[in-house]
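In the order they appear, the protein sequences are chains A and B.
Counting in the UniProt record's numbering, the first sequence runs from 1 upward without gaps.
Counting in the UniProt record's numbering, the second sequence runs from 1 upward without gaps.
This list has only true hints and no planted wrong ones.
One copy or two, it doesn't matter: identical chains are merged, so the pair holds either way.
Okay, derived cross-link-like pairs now, SDA-like style, lysine to any residue, Cα gap no bigger than 20 Å in a straight line: (1) Lys93 to Lys348; (2) Lys160 to His177; (3) Lys160 to Gln713; (4) Lys744 to Gly678; (5) Lys93 to Asp158; (6) Lys332 to Arg597; (7) Lys93 to Ala711; (8) Lys473 to Gly263; (9) Lys739 to Pro676; (10) Lys744 to Ala731; (11) Lys744 to Arg694; (12) Lys744 to Ala677; (13) Lys430 to Ile261.
Don't read these hints as lab results, they were simulated from the structure.
Source: prediction; values computed, not measured.
Number of protein chains: 2
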Amino acid sequence: MSAPAPSSDPTPEPAAATMSLTRQRPRSFIARAFSYFKSHSGLPRRASTSQLSRSSSTAASTCSSNMSATTFDATDALAINTIRCLAADMVQKANSGHPGAPMGCAPMAHTLFSRFIRCNPRNPKWINRDRFVLSNGHGCALQYVMLHLLGYDLSMDDLKAFRQLGSKTPGHPEAGHTPGIELTTGPLGQGISSAVGLAIAEAHMAATFNRPGFELFDNYTYVILGDGCLQEGVASEAMSLAGHLQLGKLIALYDDNHIQIDGDTELGFTEDVCKRMESYGWHTLVVSDGDSTNPIAIAQAVEAAKKVTDKPTLIKVRTTIGFGSAKAGQEKVHGSPLGAADLAHAKKTLGLNPDETFQVPQSVRDLFAKITARGVAAEEAWNTLFKQYQQAHPELAAELARRQKGELPAGLKERLPKYTPADAPVATRKLSENLLNAVAEHLPELMGGSADLTGSNLTRWKTATDFQPPATKLGDYAGRYLRFGVREHGMAAICNGLSAYGGFIPFCATFLVFAQYAAGATRLSSLSHHQVLYVMTHDSIGLGEDGPTHQPIETLAVLRATPNTLVFRPADGNEVSGAYWAALTASHTPSVFALSRQNVPHLEGSSADGVTRGGYVLSEAKNAQITLVGTGTELSLAVDAAKKLREQGIVARVVSLPCWQLFDAQPRAYQDEVFPAGIPVVSVEALGVFGWERYAHASVGLHGFGASGPAPQVYKQFGITVEGLVEKAQATLKYFAGKPVPNKLDRI
Amino acid sequence: MSAPAPSSDPTPEPAAATMSLTRQRPRSFIARAFSYFKSHSGLPRRASTSQLSRSSSTAASTCSSNMSATTFDATDALAINTIRCLAADMVQKANSGHPGAPMGCAPMAHTLFSRFIRCNPRNPKWINRDRFVLSNGHGCALQYVMLHLLGYDLSMDDLKAFRQLGSKTPGHPEAGHTPGIELTTGPLGQGISSAVGLAIAEAHMAATFNRPGFELFDNYTYVILGDGCLQEGVASEAMSLAGHLQLGKLIALYDDNHIQIDGDTELGFTEDVCKRMESYGWHTLVVSDGDSTNPIAIAQAVEAAKKVTDKPTLIKVRTTIGFGSAKAGQEKVHGSPLGAADLAHAKKTLGLNPDETFQVPQSVRDLFAKITARGVAAEEAWNTLFKQYQQAHPELAAELARRQKGELPAGLKERLPKYTPADAPVATRKLSENLLNAVAEHLPELMGGSADLTGSNLTRWKTATDFQPPATKLGDYAGRYLRFGVREHGMAAICNGLSAYGGFIPFCATFLVFAQYAAGATRLSSLSHHQVLYVMTHDSIGLGEDGPTHQPIETLAVLRATPNTLVFRPADGNEVSGAYWAALTASHTPSVFALSRQNVPHLEGSSADGVTRGGYVLSEAKNAQITLVGTGTELSLAVDAAKKLREQGIVARVVSLPCWQLFDAQPRAYQDEVFPAGIPVVSVEALGVFGWERYAHASVGLHGFGASGPAPQVYKQFGITVEGLVEKAQATLKYFAGKPVPNKLDRI
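Please take these sequences and the hints and turn them into a complete structure.
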């Protein structure tokens, strides 16, 4: 794709109808914007050749339309006001929602989609599309309007069904639910943080698959975010890392409207946002009037942002929330419908028909038709390029196709380690490392890292290269190991972004208890069906000396209670292999591996296949009187307790239940084999007992927080021992003597 | 307290033994430090008179000893190296722990405790003590050593029992467990964030109780924090707010050792920390050699920090992790014992006896005896001042005494609103607002706010004043309403700090689902016994149109699974009153109120006292066949379902179970009254059903995520209706026909 000279159409005067409102920027403003940019450009600019070549090739697509990137006309002005009113109509009809942000952000959205964003509404999944993320997801009426106008499969009726049950237009954007929505947003800070993952994904795919003359990957990630996103810690974590990683193709527009729900941002958000971003290594720009329907300043800023290829850019755009409404600039317009009168007033003010709803002037339809056509052409050009790539680099092309289809490499399952009881005891976190060493080289879509616990989580395989800016000499963009830093929440959100990009199986790691630092993002992995692997080590009081601050008690409960989440607590080597296999083949579900610090033996009867069914009989016994069920490091306690009970003439069988969610999905007949009717069940797990009533008649576990001390002593302190389990089994049998045993599998 | 002229002892030459190591700073360095301070002082200085007076009065105590704040001698050098070796000995004996940070931070800790921190080891709870927080809590060997040397009730044997079961010296500092530990730290970012709460508390107490001539409150909050803390989003949230709030008495020393667990901070933490802090409105200073045993530069920086009264200060102190060890400056020294050989090497290098363990030279003992005496004297002076205050301001003095004792104001319970079924239906969040309006004026220790959802959480009572810097004209430091911004995690951590300060009952608010953003801090409320009230509204799919991103499903499960946490889901006005009363009287336990967006009727038989028992019979029935149990907004569904069942000749009784934890603490006899043996139980709650097996034989609730739509339609969609409950009750009776009903209260 060659780069034609940028178009230089003269700027026509916007039509009078809209000029009343458009505070047109004098040329001098542009100069101001650039002097600001100079004074705010922060660290010295660095750029790698590959980045520059990718950047220049990209210039082609943004200038390839018959619209200049930086001149606007009356139709653009009309389009911007049409967008504002459509969004306000949607909220009004739903009698619920947020009109303020869409009306304030319409010029930004129109500028991005009409002048910069390369996407094909006919194929929302085109892999080299520019990604757009509305991080202030409550403003999604804006995003739905844009998708509709661009020709995505989102009809006017869909817009009219905004926030209604079963509609394509829910109250916040949901990835996978609405065509063209890249990420689920609304929980503030998540969008921008996952967008960092999208930008990492692009840099990695480009470094991996691009070849001279074949810039298969060169897409940008554009984000609109608000004050709330910037206040959230998750965004701080991800944006700091984005600066370090020099993600030049991440461009964020900050909707600086000075208003949040409580009122003026002066109430609690007075930090210097640009200065903060520069401290992270970002490039910053300021647009002092983001309301204009002649948004040349926004366009110039985006152009300038694209020229800085070794830093993400934040463009601070001063806007007026609810622009056009009588309540413009007030918090009242944030989260409630305008009301009929104010809506009519807004339409009049914005040069539209106050008596009409959901109106789209033909000239605006025509404008967007051109934009759509440009997007279709862009993908066609890419498809042609890819055909040539298939000729020139058949293996790479095939590999890319495989990853896009989400097919695992052939023979991967055979690479999973197998163990026998003869093998030496080892910690399940170490078994996870063994597995990564066995498969990572053969699973190039696996990308991730640890929140600064690499040596404890054991997540870095022997041959791994760090994903780092080449300039740092610490790795390169083809590297697959991420140094997240102590940023658990940002880490999880970034993994959601990698998953959303497509062609990746992201993983991340920390201590299990710190999964709760990341809970805001992990629940979105589940809700948005992101296949993210959470490698969570030090998974019980077994971490010992670090004490109760680091010992998870309640953590498994919340993960098990979260829909569409596979929580695995494997007991030994074969179960670790089974857990990974189940996770790798669950392409629309996140998985959590709860792994141990301490060593475990490889158990007779342990089964990788059993793990894929969630639970299985580890050791059966004729005429069994009791079932002992355990997970992870406590399964061997169950085995030993069964032996002890046998010495007392009590016949016990042992069940391993590493994944409740998978077990609950098994046919009842299978579940009955695992937990036969009439036999009481005693569970053992070195965490809180909460939730075990689902399967067990009695439980050995924690009823409070843990304690600091050597692990064996801590286990003893809380009775998580063979003796404790034997006693509980005896008490259970005593309780049920002559009593019927309720079947825990019966779900009424 | 008058301010004597600062002492001006000449600096004696440190002894040769230690000089080998002490890279003494030339005077010119101090000049450098100050030129840096000038260039980094950020926003123009502002200061209120009251702050200045408080600051000047404080100067007295730091200079009142016979030690100059800014000159050090050989004994100081010996003390610093003694501290380093004691900490290393502890880790070595425990064969577990973190020697690196203590050896690197010893000069900071010694400077703070010997020259600045006012505390009385004989009375760790003196209310005007300076607070010290070790935010990088893994370095707690350092903190334990300091407490021991200062004469807190922490013996040498306690140091030798580091990380052992039942010791006073657990693996991470635990508030309430060890005398002198202000906050539980270790989970990174929590310490500095809660320290912001400590600083807010001081500013508020000073504004509330100080009177001319009576500076009862003027303590500083000193923090040592590391790279990890600065990477955590929770710290970003709290530090941004601290800058806005102009908390001049918060002074944080950043242990800038360039090393984290994964290796050099260059791997992922390359932001400009000082610039970031300045963007938040902090004052910053840099000390380029923090290793010296003549830490004059550190002392000068702290002095300079105290002079800036309207900004928190971050002092970036360049240190060497594991200073003295052969592994100094490497990640290897972060989290493992040095080993015998390196430990001996370190002692030799540091001028101590390599063959001796846990050694404290007499001169060091003598030095700390002086420091202790100074602290004792400081409290004595304060006590004298307070006696005079009692004469001059008896009411204020009595009020302060009451708050310190943690006694609620007389007659508070009578102020709680009471309701009858005749009262109009209203949302429980609104009932919470009514309650706050009724009691807040009479409960001055109540302080808190919302994460930018004030209008939705309804947490601001009519007469509230914002806690704001007077300069902002938005409120004052005597105000009790906090504008947290969209910072849920920082908000919860700050409330932990308010609670830790003493004399406060802090509260904070957001949507229930976003409690998961704050989970890292909420679990510390529970572990550290902080009485924090969490006002969590929009508590189910009942929030409707905002959709699944905002609808909690799993949130109650994790809160109910967390030890020492009271989770209330009140059903109507009387239950809201009961929940608040139970929470206000649980002085060592956090409470969560799950409150509704939608209206609820006031139910016949609802009882505030019943709530304080966790659960109770709302409507009893003779010869009942089934028990319907509900919480919150679904309790009225249970009432209506019982009526419907009665029409079908099925006798149902209704139980309200607003707080599981309190109910589980009731005598079995009471529990049997609530859930009589032999009667099956069906539960209803508009969240996930996880955990309900504990009480119910069948459950109506969610098995997946919610959906966006008007609340009534969403309820219908998921069968959370009277009809759905009736059907479930019928199915349950059918299932148990001729079958014994297991007693869910039996805990084996």
